[in-house]
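Residue numbers for the sequence shown follow the UniProt record's numbering, so the first one is 1 and each next one is one higher.
By construction, these hints were calculated from the structure, which means they are not laboratory data. Treat the hints with care, since some could be wrong.
[What the hints assert, rightly or not] Each pair of labels, with its calculated beta carbon distance range:
#1 27 - 272: 22 to 28 Å
#2 152 - 69: 30 to 36 Å
#3 181 - 133: 36 to 42 Å
#4 363 - 180: 46 to 52 Å
#5 180 - 241: 33 to 39 Å
#6 10 - 263: 46 to 52 Å
Cβ atoms here follow ideal geometry from the backbone N, Cα and C, with glycine treated the same way.
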Amino acid sequence: MSSALKQIFLMIRVNLGSLPRRLWISLSMVLSVALVVAVLSGFLAMVRGFERALAGAGSPGIAVVLGGGTNQETGSDVPAEAIRSLSAMTGDIGVARDAAGGLALSREVIVPVDVIRASDGAEQTLSLRGMDPAGSGLRDRAMLSQGRLFSQGAREIVVGAQIADEFSDFAVGDRVRLGAVDWIVVGHFTSGGSAFESEIWADLEAVQSGFDRQGQVQSLRMRLDGAGGLDALRQHLSPIPGAPLTAVSEADLYAAQSERTSRLIRLFGWPLALLMAVGATAGALNTMMSSVSDRTVEIATLRLLGFGRLPAFTATWVEAVLLSVAGSALGILVSWLAFSGWQASTMGADNTKMAFQLDVTADVALTAGLLGLAIGIIGGALPALAATRLPLRAALRARG
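All chains should be modelled from the sequences, with the hints used to inform the complete structure.
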C-alpha cells in the first residue's frame, strides 16, 4: 500500500474516532439528511403506488371504445345505433366472440355517488359502474372474495375490497342508499390492489333506471382477438355513422391517467425535496466546518508530521459522505416503516375517489438515497478543502 493511501486511511480513522466528541452536531447532519430522504421517498412512493394501481387495472388484451372524441369515459357517449351496427358485424373484426357467436363486450356507464367514510363520517364520492353481465369477466384480475355477482336488472351491487374496508354499510347483505334508491350489497371483489377496487359495480339497466340515464352508454369494453385485434377494431369503427368512435387499449387508457397524476405529484414532491436538500447541504457544510475547526490541532499536527493535503482533504470528505450515507439509510428505513403499504387516495379521472397503497420500491429508495448522498458530497467538499489550507503553526499556537 502506498504512503498516501496509508495516510488517508489513518486520517479517516482519526476523524471517525473523534465523532463521539462531536456527537450532537454530527447527529444533526444525519437527521437533516434523513428528513430529506424520507420526504422524497414519501412522494415517490405515492407515485409508484398510484401507477401500480392503474397499471393493474389496464390490460393490453382489452379494448375500450369511447364516443364523442374524448379520451376518457367521463364525457364519452356511445350512441345506441353505433352499438347495434357494431354488434351486427360478422367475420373477424378484431374482437373475440362468445360461445353463441356474439361479440365479447360490455356496455358501461359511470355515475358518481356520495357515501360516508366509516372512520370519521366524512362524505366521499365514489364511482358506481353499470355494466352488462359480461363486464366482470372482462377484468382479468378481478375475482369475488365474498358473496356473488349482481343479478341482471336487480338493484344489487358488488363493491371493491378497498371500499368495503373503508366505508360504512358495505358489508355483504347491507342495504345502502346511492342516489335516490336503495341497493343491496351482494358481494365483494378484489383485483390485485388495482384501481377497480375503488369502484362499485352493478347491472347496467339498474343503474340507468336508478339515475335517470335510460339508454346512456359511455363506453364499450371488448376482449381483443389476438395481437392485431385493436387495429382491426379501429378499421371497423371508422365507417360507423354518427359520433366518431375511438378504440384504445385498456392499458393505454389507464397509463394516460396515471401519467397525468404522477406528473402532478412529482411537480410538488421534487421542488420541496430539493429545497429541503439545499437546507440540509448548508447544514452539512456547517457540521463539517465545525468538525474541521474542532480538529484544528489534530490536522495541523498530522500535517507537520508529513501528512499531505490529499489525505486531509479525502478524510474530511469521506466523513461527510459517511454521515450522509447514515442519514440516507435512516431516511429510507423510516419511509419504508411509515409509508410502505399505507393507504392513500386521490381523485380519479371522473372526479371520484381512487384508493391506492404507497409503495417504497427499490428504485424509490435508490433515488432518494442518491439525493442524500449528494448532500454529503457537496456539503463536505468546501470543509474538506478548508482542512488542506490550515495555517499550521498559527493553528498550533492558537490552541496551545
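Of all the hints numbered above, which does this structure not satisfy? Sort the numbers upward. Of the numbered hints given earlier, the structure breaks just one, which is hint 3.
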